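Asker: Going line by line, the protein sequences match chains C and A. Taking my numbering, the leading residue of the first sequence gets 1, the next gets one more, and so forth. Taking my numbering, the leading residue of the second sequence gets 113, the next gets one more, and so forth.
The hints are simulated quantities; they were obtained by calculation from the structure and are not laboratory data. Given the structure is predicted, the values throughout are model-derived calculations rather than measurements. Check the hints yourself; a few may be wrong.
[To be verified] In silico DSBU-like pairs for lysine-lysine, Cα to Cα no more than 30 Å straight-line: (1) C:K52 x A:K121; (2) C:K69 x C:K104; (3) A:K121 x A:K169; (4) C:K104 x C:K3; (5) C:K69 x A:K121; (6) A:K169 x C:K3; (7) C:K3 x C:K52; (8) C:K52 x C:K104; (9) C:K52 x C:K69; (10) C:K69 x C:K3; (11) A:K169 x C:K104; (12) C:K104 x A:K121.
[Unchecked claim] A few chain C positions that, by computed beta-carbon distances, are all more than 12 Å from chain A: (13) A17; (14) G29; (15) T65; (16) V85.
Cβ coordinates follow ideal geometry from the N, Cα and C atoms, glycine included.
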Amino acid sequence: DAKTTQPTSMDCAEGRAANLPCNHSTISGNEYVYWYRQIHSQGPQYIIHGLKNNETNEMASLIITEDRKSSTLILPHATLRDTAVYYCIVSFPVSGNTPLVFGKGTRLSVIA
Amino acid sequence: DSGVTQTPKHLITATGQRVTLRCSPRSGDLSVYWYQQSLDQGLQFLIQYYNGEERAKGNILERFSAQQFPDLHSELNLSSLELGDSALYFCASSRGRITEAFFGQGTRLTVV
């Protein structure tokens, strides 16, 4: 079962920052937070992951609260191509014996 | 392009038949994962292989089987197909611990 809670859907105006929240109150000390997205039936795409420090890459920023019970994915300047379902996943590092378990995610609609 | 190749892209077959889906992981990736995505179930983990050995098993039916070959490509075999097996089947691969998984574009299976 997924260990995360995400809003079912969100809207964001094009060019504005999209902030997608995720609650993971039962996260254990060595579990990571992963974010993936899926654009209309394409294969899911890795976005970013983190353990406890904030992370940033060319796609997004990940802000993890100090108690690690929640996090926020930030797309700094959303475009129409960012319309997708965004999945927040808590898991041990990939390639152990605990594969990624996807929940229902947040459907982000970027509006012109 | 994630570097993960799945064939075929589309497959239409009749109930009771058997099909084989193929996945070529990214160069250097030792782990392969199979997922099923149907409209009402979301992304469901089926099975994971690491360097030829089964590592984790999810909600995979007994009618389904998989293997990973010495060249690291993987095949998912689906037999005695039922209408409810119609879905997108995704393969993903990853390199090692604390790393992201890359998904292929999927095989859309339609059972008629």
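Asker: So, for every hint listed, does it hold in this structure?
Answerer: So, going through the hints one by one against the coordinates:
With a C-alpha separation of about 39 Å, the suggested pair K52 (chain C) and K121 (chain A) falls outside the 30 Å cut-off, and the hint is violated. Restraint check: the Cα-Cα separation between K69 (chain C) and K104 (chain C) comes to about 19 Å, which is no more than 30 Å; the hinted pair holds. With a C-alpha separation of about 24 Å, the suggested pairing of K121 (chain A) with K169 (chain A) holds against the 30 Å cut-off. Straight-line distance between C-alpha atoms of K104 (chain C) and K3 (chain C) comes to about 11 Å, which keeps the hinted pair within the 30 Å bound.
The straight-line distance between the Cα atoms of K69 (chain C) and K121 (chain A) is roughly 39 Å, outside the 30 Å bound, and the hint therefore fails. Restraint check: the Cα-Cα separation between K169 (chain A) and K3 (chain C) comes to about 18 Å, which is no more than 30 Å; the hinted pair holds. Distance hint between K3 (chain C) and K52 (chain C) is fulfilled; the C-alpha atoms sit about 17 Å from each other, no more than 30 Å. Between K52 (chain C) and K104 (chain C) the alpha-carbon distance is near 24 Å, which keeps this suggested pair within the 30 Å criterion.
A distance of roughly 10 Å separates the Cα atoms of K52 (chain C) and K69 (chain C); the hinted pair therefore holds under the 30 Å criterion. For the given pair, K69 (chain C) sits about 11 Å from K3 (chain C) by alpha-carbon distance, which is consistent with the 30 Å threshold. A distance of roughly 20 Å separates the Cα atoms of K169 (chain A) and K104 (chain C); the hinted pair therefore holds under the 30 Å criterion. Annotation: proposed proximity of K104 (chain C) to K121 (chain A) holds, straight-line Cα distance about 24 Å (limit 30 Å).
The beta carbon of A17 (chain C) sits about 23 Å from the closest Cβ of chain A, which is more than 12 Å, so the claim that it is off the interface holds. Listed as outside the interface, G29 (chain C) is consistent with that label: its C-beta sits roughly 15 Å from the nearest C-beta of chain A, beyond the 12 Å cut-off. With a minimum CB-CB distance of about 21 Å to chain A, T65 (chain C) clears the 12 Å threshold, and the non-interface call stands. Not every CB of chain A lies more than 12 Å from the CB of V85 (chain C), the least distance being 9 Å, so the non-interface label is violated.
Hints 1, 5, 16 from the earlier list are contradicted by this structure; the remaining hints agree with it.
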